[in-house]
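The numbering of the sequence shown is this note's numbering, which starts it at 1 and goes up by one.
Bear in mind the hints are in silico, worked out from the structure with no lab data behind them.
All C-beta atoms, glycine included, are put in the ideal place defined by N, C-alpha and C.
Hints may contain errors.
Said to hold, decoys possible - The calculated DMTMM-like cross-link candidates involving lysine to aspartate or glutamate, where the alpha carbons are at most 20 Å apart (straight line), are:
(1) 21 x 3
(2) 86 x 39
(3) 21 x 71
(4) 21 x 9
(5) 21 x 11
(6) 21 x 66
(7) 21 x 65
To be verified - Label-pair distances were calculated between CB atoms; the ranges are:
(8) 91 x 51: 21 to 27 Å
(9) 99 x 11: 54 to 60 Å
(10) 63 x 25: 18 to 24 Å
(11) 8 x 87: 35 to 41 Å
(12) 40 x 8: 32 to 38 Å
(13) 66 x 95: 30 to 36 Å
(14) 40 x 4: 35 to 41 Å
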Amino acid sequence: MTERCAFCEAEASDRCNVCGKPLCEAHVRRALPYLRLGEFLRTVWHTLLRAPGTLLAVLTEEGEEEPFCPECLQANARRRSQEQRKFLFLVLGVLVLIAAIMYLLVR
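With the hints as extra help, turn the sequences into a complete structure.
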């Protein structure tokens, strides 16, 4: 017996990466999974220590898109936006810290 799509009666060709629902071609949505800020920083740090020449390739290579159902796709997009905001605030905080140190040294 073949699996049926969770949203219609068509034959399922894939499964949602998050919830595991069977999905047909019409309902599957492909997107990049979200990457937590800690995982990103850890990957960059380990790459810098072990193979600094490959850092550019690690940062610029396309990730592999994974299948999502429509509900999980929206949740994935929210989580990705949240992680991007965390990264932005981290970068801004580091820049403010560097500017404050430079100001105190020059003053």
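The hints, checked one at a time:
For the proposed pair residue 21 and residue 3, the alpha carbon gap of about 10 Å is at most 20 Å, so the pair holds. For the hint pairing residue 86 with residue 39, the CA-to-CA distance comes to about 13 Å; that is within 20 Å, so the pair holds. Under the criterion of a C-alpha separation no larger than 20 Å, the hint pairing residue 21 with residue 71 is consistent with the structure, at around 11 Å. For the hint pairing residue 21 with residue 9, the CA-to-CA distance comes to about 13 Å; that is within 20 Å, so the pair holds.
With a CA separation close to 12 Å, the supplied pair residue 21 and residue 11 stays within the 20 Å bound. For a cut-off of 20 Å, the pair hint linking residue 21 to residue 66 stands: about 13 Å separates their Cα positions. Taking the CA atoms of residue 21 and residue 65, the gap is near 17 Å; set against the 20 Å cutoff, the hint holds. Judged by the Cβ atoms, the range 21 to 27 Å given for residue 91 and residue 51 holds: they are separated by roughly 24 Å.
For residue 99 and residue 11, the Cβ-Cβ distance of about 59 Å falls inside the hinted range of 54 to 60 Å, so the restraint holds. Taken as a hint, the range 18 to 24 Å holds for the pair residue 63 and residue 25, whose Cβ atoms sit roughly 22 Å apart. For residue 8 and residue 87, the Cβ-Cβ distance of about 38 Å falls inside the hinted range of 35 to 41 Å, so the restraint holds. Separation of residue 40 from residue 8 is about 37 Å and conforms to the stated range, judged on CB atoms against 32 to 38 Å.
Residue 66 and residue 95 have their C-beta atoms about 33 Å apart, which keeps the hinted 30 to 36 Å range intact. The hinted range of 35 to 41 Å is satisfied by residue 40 and residue 4, whose Cβ atoms lie roughly 37 Å apart.
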